[in-house]
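Visitor: Residue numbers (this note's numbering), protein chains in the order written: chain A, 125 to 324; chain B, 64 to 651; chain C, 989 to 1317.
FYI, nobody ran anything at the bench for these hints, they're computed from the structure. No experiment lies behind these values; they were computed from the predicted model shown. Glycine residues also receive a C-beta, built at the ideal position from the N, C-alpha and C atoms.
If you only want the chain C side, here are some residues facing chain B, beta carbon under 8 angstroms, derived:
no.	residue
1	1028
2	1074
3	1077
4	1080
5	1082
6	1170
7	1180
8	1274
In silico DSS-like cross-links for lysine-lysine, where the CA-CA straight-line distance does not exceed 30 angstroms:
no.	chain 1	residue 1	chain 2	residue 2
9	A	217	A	291
10	C	1089	B	408
11	B	186	A	211
12	A	291	B	78
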Amino acid sequence: MSSELLPHTLEPHPVTGMYNGKFGLWLFLASEVMLFGALFSAYILLRTHGDFPAHGEHSLSVPIGAINTFILITSSVTMVMAWASFKLNDPGKGKFYLMATVLLSCAFLFIKIKFEYLHKIHDGHTPDSHTFYAIYYCMTGLHGLHILGGVVVMLYFLLPGFGLWHKNPQQFTNRIECTGLYWHFVDLVWIFLFPVFYLL
Amino acid sequence: MSSDHHAHNPGFISKYVFSVDHKVIGVQYTITSLLFLFFGFTLMMIMRWQLAYPGESIPLVGGWLGQYLVDNNGVLLPEGYNALGAMHGTIMVFLGVVPLAVGGFGNYVMPLQIGAPDMAFPKLNMASYWVYFLGGVTMLSSFFVPGGAANSGWTAYPPLSDIANTVGTHPFWNGQTIWLLAMVLLITSSLLGSVNFIVTIVHLRVKGLTMFRLPFFVWAQFVTSFLLLLAFPPLEAAGVLQLMDRVFDTSFFIPSGLVVSGVVQDQYSGGGSPLLWQHLFWFLAHPEVYVLILPAIGIVGEIIANNTRRPLWGYKTLVYSVIFLGFMSFVVWAHHMFLTGMGTKMSTFFQTTTMIISIPSVVILTAMLLSLWQASIRFTVPMLFALSFLPMFAIGGLTGLPLGLSAADIQLHDTYYVIGHFHYVVAPGTIMALLGGIYFWFPKVTGRKMSTMLGHLHFWPSFIFMNTIFFPMFMVGLAGVSRRLWDQTEYVQGVDVQSWVRMSSWGAWGLGLAQLPFIINFFYSAFAGKKVGANPWNATTLEWAAPSPPPHGNFAEVPVAYRGPYEYSVPDAKEDFHPQHVPDSQVV
Amino acid sequence: MIASSFWLPPDISTHGSTIDLIIEYVHWFMAALFVVWGAYFLYCLVRFREGANPQATYRDTKAKPSKVAEVVVIIVEAILLVGFSIPVWAYYRSEPPGADKNPLVVRVVAQQFAWNIHYPGPDGKFGKSKPELVDESLNPIGLVDGEEDANAADDYVSVNIFHMPKDRDVLVRLSSKDVIHSFAVPLLRVKQDAIPGMEIPIWFKAEKTNEDAQEIMKRSFDLPASPEGDDAETFVKENRLRVTMAKYGSIETGSTISMEDLKTLSDANVTSIEMAPGYPVNIQCAQLCGLGHYRMKGQMKIYEPADYEEWVSTRDDDEFFDEDEFDDE
Ligand code: HEM
Ligand SMILES: [Cu+2]
Ligand SMILES: [Cu+2]
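This is chain A alone, in the form it adopts within the complex (with noise of 0.2 angstroms):
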């Protein structure tokens, strides 16, 4: 092939409205909705065949939770300013915001694992010492992963992928734009998580 692009890397299909990539993106969403309503499903299975501590019973702290959700929320504006930011042709906001995402994601993985996973084990309530635990190291885990798989990509955008923005200013926006989904996905999902392993 020449050196042009496939049809629809940048402007978007007349019937979906989207680009290739943001039309990928949402498309994976949905595989990420199976997954996770899967295990969601699973919980729920597990919770009401066996026997589940009632509210209160186990020892995960709301207050450390409704910080990392705070935090979370946080992140998704500003990862929302960042792809603004470079839409409005202002790549050092916009990276300023990028970096402030990434900063933010490590905030809250930092508190999970030192004030909550560390915790936890140190007490006692390994993955294997109750089904509870099990689920909620597995959801949470999950979840953390792909907070640091976003927090990869991010910086994969900072340092050797920002290079596209001088070539193809259009394209980086794109990506940051669907990286910008993702992440307001994975938010999504602490959003269910926090309310159902620490208020239920």
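Please build the complex by placing chains B and C with the ligands on the supplied structure of chain A, with the hints as guidance.
Guide: Quick look at chains B and C with the ligands alone, frame taken from chain A:
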């Protein structure tokens, strides 16, 4: 996207190994999956020896199989039998048929049929292949770790799979754990692939190619991709849970109070549910059945239209049926679980949905059969395979009925009847269709035709042996012989049907031999077959508008679609085919 | 084997005939469809081959017959479903025999690779069992002793042999102590997964005893020409699960045939003998459960009601455990 490293002369590695061209990737998928199919089949040829001649040393290969599979005399061990069975199922389904039907045919043919220069995400496409490859290698490596490969069936039901391969093995590098890791890789590969397929089909169709002008094969791939996209994640979730059970001793699938070999399993907290796995597994695995069959139906549709020289009957009906099948396949899964203690309400629901899903299958088959009416049938080699698909798929489909009626399933569940049923769908069905597809598109890929004589030598014995293998299984199953038995002659029912069992086995070895002409044909024709032009079959769809083999970027000039996919024998025309890309002014 | 339809084994249960009927009807239906399709298919292949019909027809065929076929399929499936399968299943799964029928209640605990049949004893109450008490050779289901739980005192456990009377409802509470198994008795048309952590009830009633079943399944076998050599050895091996159904000289009714027996029979000029399965009503495990899955077999001993009472009164309840003699190699 792919432009940068193709501008200058690409090296061998980036052209053939880490290629981003959908055609090269398609060929890579095809070759790899054919090798896996052959390997999975070899495992079964070994198992068939033990079934035909229980407790006798395996000839030829018995001494080579190693301590986890055979004893000192080269007799297959029961746990070896279980390992081969589990690996046969897994390899055939996840490393053989799906990668061939979707990764191979889908990748190669689909973009050509929609007139696209490539898949929407070429690099992602390459990643899918290599993740698949890695998954395959991982899966195979489990034969060599202490304790051998996974042996809890391709369904991997816990608690058996949770506790399997744990004694005298590495805590992590053992059969079942590797199986799970490999599955996660294979699922990831399929997910990447299906996103790519859907975006490509929706976004990259050429001008004029509306959804209802798409070749039926593309529709089949489209629905298949949705099934992969939505059904696989729950299995991935289940795989992660089982991995945690095995590695961290969690109890997702472990109920309280388990005692294995007299030892209380108190490393587990208990409180889990073995049935949770089955629900998650079959939520994938029933749609998976349609993933195995839909691309094959698509291929058969293409071949039939081309060789009957008339439009496929009821194109729209076919498309709607396939879409309906896709939807319904998500609500029938528990027909695999009738005997897990299900009450009347649940069973009524699932047997009703199962009966409903049989209707579109009947419609599809009927449409294909009606396409033969008033046709002008050419018995080319691909057509032979496609035609043989129809009755054998019918047998496979029909024998699903008694299994879907929960009362009849009481007697038939987990017997050889089930094995016969689904193999008629996937082996005499899908495999024959896929082979036909290889004969059909071979000229496009290589620019050469496969030998017809060798094709006949391949087809007829394969057709006969397929039935020799699988038909007796219905009788064996009805007689009450359970599946997955190392030695069915432990039961008097098994002794009674031993001659049927032997017949199956000899059929399997015969089928193995019958593939020799194919292998010879494949390699011979690739290098020395008769050269052909762009459209050797006088076909209508867009892939035949590209040169054979198509260059990088596929079409010399971007085609435009002027009509539906199967305009054969249009009245009052000179030629009996009107290719999609030729404007009206030039066809009459 | 006997003239039971569609290669199915004989049916000795009360509910089994309805299952067989469904299987039979479905298969006739399938066969009819297949024959119609097949005939049409072959006709097309001949009639519309290129040589016979060089010019295909473009326009869509009107396909009334296919519509009719589809409607027939839908109707037949609906009948099979609503008229047969759903009600049969409802009986099989939802209508346990009530106390008025005085069912024999038994627990079956599956394990790798055996069936533990737990009888409640005369008090009709099952004693408790505890995982930590399990002892594979002495107490396979971990039953507590009579002092801890009086209900356990008269309980009785039989391994791999399921004793039961004919003509009485049997209610089995099925579970497993390790992995998933499946309790399958082909002659009784019974199959049910045994799942650890669950106790699943199933019920059935036998119409025939073991002897009746043997009588149905007996067949005449030609003896090998020579009492020695490969043929003779094959004969003995292939019939190791069968017993004689009559007295042949010094060979008693109900014995398996050995190489010496072949000699004896040959000397007495017997050329064919009647045999039937030694354990006609076998229990198979139908769910892969590990390396011993293939040999996880049990047998039903179905008695005349009086004989069953006799067995109950002669078994040694203090022992509470009969390590059976049932193993054929
Ligand atoms: C064409 C040659 C084939 C032969 C002779 C063959 C034969 C068999 C037999 C005899 C079994 C039952 C083993 C047992 O129950 O102990 C079996 C199981 C199975 N086969 Fe095949 N098969 C073939 C092709 C395929 C194909 C093409 C697929 C899939 C697409 C497939 C998928 C399976 C699966 C999923 C199982 C169940 C494995 C398990 O029990 O876990 N087979 N095969
Ligand atoms: Cu299914
Ligand atoms: Cu078992």
